[in-house]
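*Asks:* Sequences listed follow chains W and E, in order. Taken in order, the first sequence gives residues 1054 to 1235; the numbers are from our numbering. Taken in order, the second sequence gives residues 1054 to 1235; the numbers are from our numbering.
So the derived list for chain W, only partly shown, Cβ under 7 Å to chain E, looks like this: (1) Leu1095; (2) Val1130; (3) Val1132; (4) Lys1166; (5) Lys1169.
Residues from chain W that keep clear of chain E, each with C-beta distances beyond 12 Å, as calculated: (6) Ala1079; (7) Ser1150; (8) Glu1207; (9) Lys1210; (10) Ser1211; (11) Tyr1212; (12) Tyr1220.
Here are the simulated PhoX-like pairs of lysine-lysine, each with C-alpha atoms no more than 20 Å apart in a straight line: (13) E/Lys1134 to W/Lys1169; (14) E/Lys1134 to W/Lys1165; (15) W/Lys1098 to W/Lys1086; (16) E/Lys1107 to W/Lys1107.
Honestly, the hints are just simulated from the structure, not real lab data. Computed from a predicted model, the values in this text were never measured in an experiment. C-beta: ideal position from N, C-alpha, C; glycine also.
Number of protein chains: 2
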Amino acid sequence: MIYPNNLKKEYVKNVSYAKRGMDLEAFINEANKYYDVNNIALIYKKPTPVTITKVTYEQNNVLTKGKLKCKSSLDYVGVYKGKYLDFDAKSTTNKTSFPLGNICDHQINHIKKVLKNSGISFLIIEINHEIYLFKGEDLINFIENNNRKSIPYEYIKSYGSEVKLKYNPTLNYLKALDKLYF
Amino acid sequence: MIYPNNLKKEYVKNVSYAKRGMDLEAFINEANKYYDVNNIALIYKKPTPVTITKVTYEQNNVLTKGKLKCKSSLDYVGVYKGKYLDFDAKSTTNKTSFPLGNICDHQINHIKKVLKNSGISFLIIEINHEIYLFKGEDLINFIENNNRKSIPYEYIKSYGSEVKLKYNPTLNYLKALDKLYF
Chain W
1054 MIYPNNLKKE
1064 YVKNVSYAKR
1074 GMDLEAFINE
1084 ANKYYDVNNI
1094 ALIYKKPTPV
1104 TITKVTYEQN
1114 NVLTKGKLKC
1124 KSSLDYVGVY
1134 KGKYLDFDAK
1144 STTNKTSFPL
1154 GNICDHQINH
1164 IKKVLKNSGI
1174 SFLIIEINHE
1184 IYLFKGEDLI
1194 NFIENNNRKS
1204 IPYEYIKSYG
1214 SEVKLKYNPT
1224 LNYLKALDKL
1234 YF
Chain E
1054 MIYPNNLKKE
1064 YVKNVSYAKR
1074 GMDLEAFINE
1084 ANKYYDVNNI
1094 ALIYKKPTPV
1104 TITKVTYEQN
1114 NVLTKGKLKC
1124 KSSLDYVGVY
1134 KGKYLDFDAK
1144 STTNKTSFPL
1154 GNICDHQINH
1164 IKKVLKNSGI
1174 SFLIIEINHE
1184 IYLFKGEDLI
1194 NFIENNNRKS
1204 IPYEYIKSYG
1214 SEVKLKYNPT
1224 LNYLKALDKL
1234 YF
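All chains should be built: construct the whole structure from the sequences, respecting the hints.
*Replies:* Written as structure tokens, this is what we have:
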């Protein structure tokens, strides 16, 4: 379950890791911090796109008024071993499949463009209390060859690479990435 | 002369290309559009970092209130031939040198991190009515071996690669990048 960046989460429902006090996004942020500090990779969350309509100054703070733009790309971007990474985190409470409604057309197009330019684009999918790194190529391939509105769990399991929770960082997703890409 | 993204330019002063109705940033945006449409690269401007403090809904628009964050990275990010690019555009009206005050410490640190992870980071510098692509490595090298508060024009000229204005796209800076990196 992914929230608009920086927006306060009012309440958390049906998030499998929420009971442990962390969600998928928090795991990724923790891993990114670890990768940064240890010079493994530089990966960060893109700022929320806002069209600024007014800027005012108040007590040393620059305040803005703006409109939230429609998100046309993915949440995370970064560099790992010189390669461009661009990905998103998606959670589903469905147990048998991942609904494609979770990804908007703009995002699909963005993934296609990244792949065309030999970048690495993928999803980190939380399904069935498991977390998978799922290649953009496999996503596009599925969409273009199926009329289904969701990707079966078994498909994700066989094409993706599972990321098991460990200690430090909890979600070492670059290990799964190494397996699938390097 | 670089403006905060999306902020209205109230007036343009001393920008060498302003008389032609375009500035450095507009040239880069035009080139990025060209690269995108022609599948040469996917390069985009990062959204202005805003900490959203309040969100309201009004006539189908999501409006926000927020604080502008200090910019800790560079303006542009993208993928070219699979490689991660991260860069900024800087203009100076100085004729003999480029003042380092144009780049904040956060940005220098960001460039160092990108380079450590084998990414490509550089500046597009407008000086003396000329435009240069100037490698992050040369910038860091200069800063670490000089006490000067500005980089001499001649240094930029000899280490950088000049980007001459041409037709379609006007500022084909990836050509200069090819020369310096590939």
